[in-house]
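Enquirer: Same order as they appear, the protein sequences are chains A and B.
In my numbering, each residue's number is its place in the first sequence (first place is 1) plus 25.
In my numbering, each residue's number is its place in the second sequence (first place is 1) plus 37.
Note that these hints are calculated values from the structure, not bench results.
Take these hints with a grain of salt, some might be off.
Heads up, simulated DSS-like pairs for lysine-lysine below, C-alpha to C-alpha not over 25 Å straight-line [said to hold, decoys possible]:
{"id": "1", "chain 1": "B", "residue 1": "K94", "chain 2": "A", "residue 2": "K27"}
{"id": "2", "chain 1": "A", "residue 1": "K27", "chain 2": "A", "residue 2": "K121"}
{"id": "3", "chain 1": "B", "residue 1": "K50", "chain 2": "A", "residue 2": "K67"}
{"id": "4", "chain 1": "A", "residue 1": "K95", "chain 2": "A", "residue 2": "K121"}
{"id": "5", "chain 1": "A", "residue 1": "K81", "chain 2": "A", "residue 2": "K121"}
{"id": "6", "chain 1": "A", "residue 1": "K95", "chain 2": "A", "residue 2": "K81"}
{"id": "7", "chain 1": "B", "residue 1": "K94", "chain 2": "A", "residue 2": "K121"}
{"id": "8", "chain 1": "A", "residue 1": "K27", "chain 2": "A", "residue 2": "K95"}
{"id": "9", "chain 1": "A", "residue 1": "K92", "chain 2": "A", "residue 2": "K121"}
Just so you know, these numbers come straight off a predicted model, no measurement behind them.
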Amino acid sequence: QKEVEQDPGPLSVPEGAIVSLNCTYSNSAFQYFMWYRQYSRKGPELLMYTYSSGNKEDGRFTAQVDKSSKYISLFIRDSQPSDSATYLCAANRDDKIIFGKGTRLHILP
Amino acid sequence: KAGVTQTPRYLIKTRGQQVTLSCSPISGHRSVSWYQQTPGQGLQFLFEYFSETQRNKGNFPGRFSGRQFSNSRSEMNVSTLELGDSALYLCASSSLQGTNTEAFFGQGTRLTVV
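Take the sequences, apply the hints, and build the full model.
Expert: If you want it as structure tokens, here you go:
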């Protein structure tokens, strides 16, 4: 079992919809949880990170961590075609970042 | 502020050859981490260098090695290339050692082994 699991998609939603991206993880030692966005032919860029359980909001993006169920979520409100990318969840342990495989998201105009 | 620069962007090599990839971190950043990204395995951690010392290492064979120079630039070397080494190699720089919650990635080097 991989330490961070993520559905690869693709996930296609109409413009303006709320997008929900999810990951599960298996290692209770994880402390920091992150979401990266990766456009085609680009490196990943950090969107948000959270420490421990709870919610964190940044504009149209909300990251949520539930440590009791080992579940990580990213919500995108009012989705735009420019949000089309691969979204990678990640967690930090032993000073390493462990990534999920990424979910490809398509926002349909 | 210039971002993380990786060179070259694309490489084609033959099985058995060796290759060296370069990464220039953001000015002032002393930590450089390397990752391999493939469709099958996703992003996997190779190693991290901080102040010219390898601080952390992933589960890759010894054919994968790296080093960091006094100006924080880093190189990654892969010897005796195998077809399975074809991947996007990414480096990330950070001002802090290890925690890497705010690592900034370069655009990567796309290595194809034929």
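Enquirer: Take the hints in turn and mark each one as holding or not.
Expert: Structure-based check of all given hints:
Taking the CA atoms of K94 (chain B) and K27 (chain A), the gap is near 18 Å; set against the 25 Å cutoff, the hint holds. With a C-alpha separation of about 15 Å, the suggested pair K27 (chain A) and K121 (chain A) falls inside the 25 Å cut-off, and the hint holds. Pair hint K50 (chain B) plus K67 (chain A) holds up; C-alpha atoms about 22 Å apart against a cutoff of 25 Å. A distance of roughly 18 Å separates the Cα atoms of K95 (chain A) and K121 (chain A); the hinted pair therefore holds under the 25 Å criterion.
Note on K81 (chain A) and K121 (chain A): the hinted pairing holds, with a Cα-Cα distance of about 22 Å set against a maximum of 25 Å. For the hint pairing K95 (chain A) with K81 (chain A), the CA-to-CA distance comes to about 16 Å; that is within 25 Å, so the pair holds. Distance restraint check for K94 (chain B) and K121 (chain A): the Cα-Cα separation of roughly 9 Å lies within the 25 Å cut-off, and the hinted pair is therefore satisfied. A hinted pair counts as satisfied when its Cα atoms are at most 25 Å apart, and K27 (chain A) with K95 (chain A) qualifies at roughly 13 Å.
For the suggested pair K92 (chain A) and K121 (chain A), the alpha carbons sit about 19 Å apart, so the restraint of at most 25 Å is met.
Violated hints for the displayed structure: none, as all numbered hints are satisfied.
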